[in-house]
Each structure stands twice: as C-alpha cells, then as structure tokens.
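Number of protein chains: 2
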Amino acid sequence: MNRICQLFGISFPVISGGMVWCSGWKLASSVSNSGGLGLIGAGSMHPEVLSEHIRQCRAATSLPFGVNIPLMYPNVEEIMHLVVREQVPVVFTSAGNPATWTPFLRSHGILVAHVVSNTRFAVKAAEAGVHALVAEGFEAGGHNGREETTTMVLLPLIRSAVDLPLMAAGGIASGEAILAAQALGADGVQIGSLFASTTESSAHPHFKQRITEAAEGDTLLMLKALAPVRMLRNPFFDQARAAELSGAGVEELKLLLGKGRAKKGMFEGDLREGQLEIGQVAAAISRSEDVRIVMERLRSEYLSARNRVCAESFTPTLE
Amino acid sequence: MNRICQLFGISFPVISGGMVWCSGWKLASSVSNSGGLGLIGAGSMHPEVLSEHIRQCRAATSLPFGVNIPLMYPNVEEIMHLVVREQVPVVFTSAGNPATWTPFLRSHGILVAHVVSNTRFAVKAAEAGVHALVAEGFEAGGHNGREETTTMVLLPLIRSAVDLPLMAAGGIASGEAILAAQALGADGVQIGSLFASTTESSAHPHFKQRITEAAEGDTLLMLKALAPVRMLRNPFFDQARAAELSGAGVEELKLLLGKGRAKKGMFEGDLREGQLEIGQVAAAISRSEDVRIVMERLRSEYLSARNRVCAESFTPTLE
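Chains as they are written, first to last, in our numbering: chain A, 1 to 319; chain B, 1 to 319.
Hints are supplied without guarantee of correctness; some may be wrong.
Because identical chains share one entry, a pair is satisfied inside a single copy or across any pair of copies.
As the list claims (entries may be wrong) - No more than 20 Å apart at the CA atoms, straight line, and that leaves these computed lysine to aspartate or glutamate pairs for EDC-like: (1) K224 to D238; (2) K26 to E52; (3) K224 to E244; (4) K26 to D290.
These aren't lab readings, by the way, just hints derived from the structure by calculation.
Please model the complete structure; the sequences and the hints are all you need to start from.
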C-alpha cells in the first residue's frame, strides 16, 4: 500500500497545502471527504479563529485532516498547545527548525510532516523525528527556498538522501504531474495553487478569478532580500520589482511591503495593492471548480497517464 | 513506436544538447553510437572548425547525428549553408526566430527541431514548420527563458498547445527524470549537464571536476538584464551577483562580462575568472564517466522506474 495513504489513513496521496487566506475548514474538509488530506492554514489565523476552523472541519468530516503551522508564527507556542488540545491528528510544519516542536507533537500522538526546499533541511527534519517530508520546488507559490531548486531536481536529491514518506510540492496541478512526482520517487503530492482556486477555498472571488486568468510568466520569485515569495504580477508586484532592480535593500523593501499585503490581495480581493501569492502552475488552471470535481479529475488523469506510460516504453527491455 | 526515435532513426529518445565548449564530434558520435542522438554545438565553433567536427563525427559513427545552431550566431548564414553542404541530417535551432531558416533547412531535407522556453514560441515554431520541439525549463544550464518556467510546469503547457514530437530539457540526468518527462507528455529528452561531464565532452577537465563537485544551490540564473544564463558559483559569479544586487545596468554588466568568459571557464579551465554554464542538476552528478556507461545507466534506471510505477498505483482503478 502507498506509504502516504498508509501514514495518514487516506485513499489518494494528495494533500491540499495549508495556504494563508485560502485553506479554511471548508477547503480542508472537502479535500478529506474526497479521499485526500485537507490542511487548515494556521499562518493567517489568530488562535481563536484556528480553533473555530478545527471544530468546523471536524463537524464537516469524520476523516483525517491536518493543520499547517509556519514555525516562525508569532504565537507558535500557543498554537502548538491548541492543536494538541483539539486533538488534531496531523500537523505540517514549515519555515523553521523542526527540532523545536516535533518531539512535543509526537509525544501527543500527532503525525508530523515538515516542508523543506533543500536536502540539508530534509536530513535535519528526519533527525528531528518527523514522520514524512514535503519537498517544495522553486515553482511553488508563497514563500520559497533561496537555492531556487526546482521540483524536478530537488525531489530525487531528497529521495536519495532520506527514506521517509515523501511528498512533492511545486508545479503540480494535474494527474500527469502526480505521476511525474511518483516517477521521481515521491509517495504523494501536496497541491496548493489548484486548491486555492476551488469553490471551497477562502480566497476572495477576485483572486480566484485572477488565478484562472494567470498566464505563463505571470509569477516571479520576489523580495529575495527579505524572504523569497512567489507573487503574481499586479501593480504592487511592479513596484516591488522596480525597487529590486534598482538595488533596494532590506529596509526599503520592508517599508514597501508594509503590513497585511497578502490579506489585502488574497482575502480582501484588492488585485492592485495586495500581494498575490500563487505558483507558476496557475498558468495551467483555467477555471474555479468544486474540490470533488478536481479530485476526480486528478484521479482519472493520473490513471490514464499511468496507462499510457505503462503501454509505451521509450526503450526495448534490456535482456 | 516512439515518435522521437521514429523521427530521428534512433533507439532511445535521448539527445545530447549541443553545448558550447562541450559538444564536439567525440561527444556527439559517442551518444549516437550508444543509441541516442548526439549534437555538435556550433555556438562555440568557427565555420571551418564546425566542418572538421562534422567530418570527424561522420567518420566516427554511421548513425544519425545533428548540429545545434543558435540563431543569434554571427555567421548564421554561412553555418546554414555549411550544414546543407555537409549533408547534416538533423539541425536543432535555438535563441532566435525559427521562421527565418526552417523552410531553407527543410527544403534541403534536413530535420529541424527548435528549442523553446514558453508556449508562445512553441506555437510560432510549429507554424514555422519545425519537425520537433525541445521545451527547456528554468533549471537548465546556459541561456534560459525570462519567464523562469520550470520543466514540470512548461512541458504540459506546451504539450497541450502543440502536437509535434516533444523533448524535455532542464533537470534531467537520470532514468527516473526521463520517465517523469514521459509522464508529463514528452516523447523524449535533451540532456546537457550530464553529457558535459562525460569523458568524451570537450570541456576542460577542471570544469568537469567542478561539475561533479557542484552542490545544491551552486547555480543561479544570472545576468538577467543582458541574456539570462545559469552559472555555477565561482569568483566571477560573485562579482556578477554583487553587480546585479547593487542594481547594475546593461552597460555595466556587459563591461564586467567582457569577451570569451565561457571559453575561459569551460574550455580553458579557469574556474575563477571564467563563466561556468551548467544546469541545477549538476548537484546530482557525482562522477565523470564514459558516454556508453551513462547511456546504459539511463536505460536501466528508466526501465526500473517504469516497472516500479507500473507495479504500484497511487489509487485504486476507477470502476
């Protein structure tokens, strides 16, 4: 049986990323109810809001779900105790040192997966005792690694360094890409952009619309002097880009960014002044659909791509 | 039968990129003699040198081979007449408008493939009448697209826009990655970095050594204000990086780059002052080997990855 399905108790190893301003209880429960693992994104929630989402999610599904916790989160300690109190079965951690909280979560019977963008962090996470890893490539939306290593290159490097159940993230929005991730050694995938665009996503309708209209080259990894983040082109993007090209420093970029840019764009729908975080693969997303439809399509695309690959070999079998 | 094997008359749809300072007759003929399609890189050759390599290649193999011609090449007209005169069976064009020379090459019975980094150029190349396309992702070495679209994202976008035989390039140095490219809709692959490191590559031994020592994050796409090129970290890289971070303009970068930087690094082996062009996947290359060994490994890795994927499904078959 597939290691990710076995670990999380799901039927299809597709995890919906715990995205700020997108991943609330509606999205998470819908993904879990469709056979995947839905994650609630704690990164944009105050503790009391997170508790409410966890309770609503539990009311909406009897199946496993999880919470993504960025380890840089200001109230991280409060959040860790909260997920234990609420008996959340799975926690995905990101953006920080997994050694700090993994033993605590494990001691309360919580399954822990950690998101990494290079092999060094993958090995550190394995040493910290995580149950699984997410290898996130350069093409992914949101905050992103400084090495700029793409999913195609990163996944095999991490696969050969660590034997833990491994999920691929970055550039995945189709069953063909899920099969490609499997070919590269992944046991499952974490999908962000595609789920951010679904009916059940908490993102503002204007942002969902913009995702479906995004074209090739419409996103770039920006604000590298602060924390690299993949942003969709809009007037704020242009300002940030101009500042970077003119050699702006950390302070200048912080000033430009200000507070609440992501909320403004992704949750409030201000497509001009907001920061719109999405992956390169948005270029392949043409409509906003229900999670159930999306999950069914991923399954059937995966199976037909697999049938195609298993029917046509690139080379005659060696004697 | 596989469309790329059929088109070029080869047994394994693996093409060795026509890389400046690496792809001479030795590398090209060895790849062709191992069942792939070897390309000679005209980009770093004076016309008379190119003729000599074509003749030596023909003397070393009776199998099909090709020449890669960057369309920005100063003597491009002379080169085009040269490949016709020398009856080169296959030409890969890159970095320019395929409409200019494709009809001429076709009229002389030459098979034409064009390298693209976005869907718009792929459609233009198809309209220009090329026989095949190479979709080159952000992780690839050498000159590279401004959109920064990775192989994982680019390949399916081009696959769905154009029905021509399609090769994937960027991030491919293993049989697992060849299978991943097939999953994403490719009919074959073009491999650069791995062949640049082989015994038969014309690259300087110091550069080959440096490729095998390259670690994750050791390359970045640089000189974006001029023509984006993926470079390996070295003192020259650091100079260029510092200039870019301080907002250097076109003229300043041109001055810094000067002339013959790539030759100095890749062919003359000056690892400090030279420009070292290589793909991200160099991080996965640990030794310099003979082309025959490399091709055998790619075949067996591909076949065992395919057996693995065809044996373990991520999801039960739908009724």
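A quick look at each hint next to the structure:
no., hint, result
1, K224 to D238, "both (15 Å within a copy, 16 Å between copies)"
2, K26 to E52, "within (12 Å within a copy, 67 Å between copies)"
3, K224 to E244, "both (9 Å within a copy, 13 Å between copies)"
4, K26 to D290, "within (11 Å within a copy, 55 Å between copies)"
Of the numbered hints listed earlier, not one is contradicted by the structure.
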